[in-house]
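*Asks:* Chains as they are written, first to last, in numbering that gives the first Met the number 0: chain F, 0 to 332; chain D, 0 to 445.
Simulated from the structure, these hints should not be mistaken for laboratory data. The structure displayed is predicted, hence computed values, not measured ones. Keep in mind that a hint or two might mislead.
[Unchecked claim] With a Cα cut of at most 27 Å, we get these calculated DSSO-like pairs of lysine-lysine:
| # | chain 1 | residue 1 | chain 2 | residue 2 |
| --- | --- | --- | --- | --- |
| 1 | D | LYS362 | F | LYS327 |
| 2 | D | LYS388 | F | LYS14 |
| 3 | D | LYS84 | D | LYS54 |
| 4 | D | LYS54 | F | LYS63 |
[Said to hold, decoys possible] Every beta carbon over 10 Å from chain D, so not counted as near; a handful from chain F, in silico:
| # | residue |
| --- | --- |
| 5 | LEU56 |
| 6 | THR139 |
| 7 | ALA180 |
| 8 | ILE206 |
| 9 | PHE250 |
Where is the CB? At the ideal position from N, CA and C, for every residue including glycine.
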Amino acid sequence: MARLLVSGAPHLHVKENTQSLMRDVLIALAPSLLVSIYFFGFSAIKLVLVGVISCVLVEYLIQKFIMKTKVTVNDLSATVTGCLLALNLPPSSPWWLVVIGAIVAIGIVKMTFGGLGQNIFNPALVGRVFLLISFPTLMTDWTIPESWFRTDVDAFTGATPLGIAKEGLAAGLTLPEIFAANEFTFREMFFIKAGGSVGEISALALILGFVYLLIRRVIKPHIPLIIVGTIAVMTGIFNLINPEIYTGPLFNIFTGGVLLGSIFMATDYVTSPMSVKGIVIYSIGIGVITVLIRYFGAYPEGISFAILIMNTTVPLLNKYCKPRRYAKEVKNG
Amino acid sequence: MKRTFSIGGIHPQENKLSREAHIETFPVLDVAYISMAQHLGAPAEPVVQKGDKVKVGQVIGKPTGFISTFVHSSVSGTVKAVEPKGDLAGNPVMHIVIDVEGDEWCEEINRSKDIVREIPFSSEEILEKIKNAGVVGLGGAAFPTHVKLNPPKDKKAEYLIINGTECEPYITSDDRIMRERPDEIVIGAAIMMKALKVDKCYIGIEENKPEAIVSITRAASHYPDMKVVALKKKYPQGGEKQLIDALTGRKVPSLALPIEVGAVVQNVGTSLAVYEAVQKNKPLIDNVVTVTGNCVPQHRNFLVRVGTPFSKILNAIGGAPSDAAKFVSGGPMMGKAVANIEASTLKATSALLLLTEAETKRKEEGNCIRCGNCIDACPMGLEPYLLNKLSRIGGMYDELEKEKIHDCIECGCCLYSCPAHIPLLDIIRVSKAEVMNIMRNRSVKK
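Chain D on its own, in the form it takes in the complex:
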């Protein structure tokens, strides 16, 4: 029996339609729109002005806080504007707009395809290189990687966990890089092990990706401390807390980070970006984006430069089908609905998913029939029906805290599985934010 996490979880149809599509390099753009809010934490601050000439890989934004990182130009050309533009929700965010001229890269970037195995750097040098390359977590949250690889001094990391589960339906970008670039991923993991000074590494991959398991296992055979583990298919296995449980049996306490149980989790995409940053001096300027959906005639995996407008990606597949009603950036379970198709890709954009109205439109909300499906589905062992009920009364924050609403990982299993189609997660998200705010204020007062 293959391992998986022990509480809750769901089995949505996997729909990995693009799994056999090789990674194709997306054509160089005419204009790139690069957001300064690429990562979790403080947005970067522009360091170029209108009229400046930039090369591929040149720094155009610098970090403005502890949790923040660099942004690099993904194209070469002239800065046309530094101005707020709509992100995928349509909210104004500072962007650097670059008119593309040619494709000239910074000299220090090694663009050869040769695999570089030697890691001649110290732990500190690795962290510095990762920070300077603007690497962020590519599993979705885009947390700056150098911060995560540098845990507080009183905590001891024991394991590096590499997340190759790709448990979201539809997305295949991680599957493709594991199949096409396994050596780079594994070397990236070895680099992070060195940065963390740990001697244990698990690579978890769900069993619906047998080719990736074979290629990663073969690549990891060079490293006796790395163990590739095939996991049973279940969503949300790629959640940090679920993956740690599945691989080590340890459970992260409430409100704590994975480091509390000695684990640091990184995505396979991040691992590849770390390899490129450390071994090739290449900043994070491109990533693999899956373009798919049941209504889409072609399922593709594109290597796109950061700052590519979604509308350009749609053009590349021949335009959006007429029955596509919702565009999702990311997977169908945790991705964000795109309101502005002129918004551009970020470092951590993993997919552009097109759904029809029939597939995605929410059914009319009915009364809760107390079937308990949300409780069975919740991977944190919470009671979403109760959190919904308490939230709707209003002001029941003490009760919500007692029911551990702050443990919610917003995976969407409850809303997905509700036969009464109650917007459980929407409601829970709002009161979770409020409860966490109250808890934060209380700890500040102490």
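Pulled out of the complex, with its shape left as it was, chain F reads as follows:
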């Protein structure tokens, strides 16, 4: 006993750290990643690898040469961003598209604000939205690349159900006609669906990841459940009013990026509120804006925009939605 450690209480700490939390998120993304590799083959592997490598590299270079601070890529947060970015792109995206997305996500959205914990917007989502606006054709090209594991390419149309519905409605068709023509089935949407971003194709795989995150207590269930609940209620009401133009709850929950977005993007610690009250307002906001964009907006999908819009409210929500204090009043006198 050469020397004694001395520090303030408490003398015990949780085992978790930022790295272990991020590792858990990566593990939770694994099922979706495996399904996308099965379905899209080498393209999916390529996108994820390029996404991860470029995000980590951008963060490393900025910390090392521009900020000249300690390099913290070991915390795996850039790895998570790279994965999420890749999972949010169409499967046939070229590699350089991912690199541009990574530069925007890490370089502009994360590091200019000061790095981990300081950014206002979800980096991967801004990366995706930047690409969607800058390269609209590439970002809506739902061609399905070849996969070694899959031989039935012709069975899938490629376009997203949300896109098909939107175009069909714009062409003056009613939903029952569109559904009949395209054979959307719930079974297909739940297990594996064609058309959509790399990470969106299997609801089941995403839900498995959600359950893992809950078991490991990485996230609380509030945000995903409230977003999905809000979308279900709102689309349920619209669908009851006019089922010919307004798609119903199941269709809206299991198509597009609602599950990927609500489980993995909206729950980002940094860009979501801290108190339960704030979380409720934030999540309802995401649900409502998503439905409004899907029904009335120019884009078929609205969850990315909805999350980014609600990201902007987080500092205000943190300021005004305080947790329940123990001591309500101050002693009289």
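For chain F, the structure is supplied; the task is to place chain D on it using the hints.
*Replies:* Chain D in isolation, oriented as in the chain F frame:
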């Protein structure tokens, strides 16, 4: 569903390794080092000089202020020195050093083990006896008990709450006394009820101590006004404010004492000391200290005399294991790290915990990722991440006051639960002291 407090809290691994170890009387010392700063408030003033002969239980220090109390000799022998010596942090504090000769007790102390149930004293006599016995709160803060049992005249006590939660991991000294000396504890509670003139008493015990719940319940069956309540295990249930919430649902207002909601909280150890003081005329000269840690081969509960050096206690378990890197006086959540192992035990020392470097070393601090774990953990409903941020800017005292930094009870839940390993409580402690200072100065000016 068992009761517990309503906001925040954490569940650290309980590690009650010494719970089956019977209380053993620690051998009488060669030399005792008795600190004059045994309690919260003003230190006692020595009333003996070098060369004086003292007996066990004799007064050697007298109170010097309203919040202060007596200190008694825990041994018999000759005063060797009255001098400053290092406390557990190494800061010089006045000590009385006594060379031990035999074990001769003051005559008025009743050393028999018989249980004395009759309480023939008035409320004032009880308070006087508690004060003269130097009893302090043994839950950790060591607040003089006679002051706490004598609330201001305009406040009415309704409940006595006895704290048997022992929510800190590792420590088992309260568990052992509840199992081995339940009747004395319950009679001590009855004495305090009489002193406070209250007719309601709750005894809160966490459910991880089933034997203690059984023994205390059996002992309390003599007293219809006492209710033993099993509580769900959650740290910091032993905090006064949390325990009052768990047992009565009342919440103590900001900056107020528990008496504001009619409650007085005392620890089971204090209750035992009150019994001994009032029924046996025995001053507070010894207490149960748990010696434990995952790296320690023997887990023990010792009844030690006040003034026993920590190094002697370590010798009794065969020396500190080579991988022990931090010695903690008290529990792992609120205890103090020992910098000076020649420092000696105080009245309120509850444990000596040995932790290895792997168990206790803080990980490198990272950026706050705003996960909100500290908010979920804070039992006062504060936002530790925000208090940390405001504190580090510097000078933001008005904002810190608005965010109620003065409500912080320094339980350590925030620092414990932070995955970025930010020293939240260290930072908050510093600015809390500053804010409370500003608030005090302001109220003086008014």
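*Asks:* State for each hint whether it applies.
*Replies:* Evaluated hints:
no. : hint                : verdict
1   : D:LYS362 - F:LYS327 : violated, 35 Å
2   : D:LYS388 - F:LYS14  : holds, 23 Å
3   : D:LYS84 - D:LYS54   : holds, 22 Å
4   : D:LYS54 - F:LYS63   : violated, 70 Å
5   : LEU56               : holds, 20 Å
6   : THR139              : holds, 33 Å
7   : ALA180              : holds, 47 Å
8   : ILE206              : holds, 22 Å
9   : PHE250              : holds, 33 Å
In this structure, the hints that do not hold are numbers 1, 4, in rising order.
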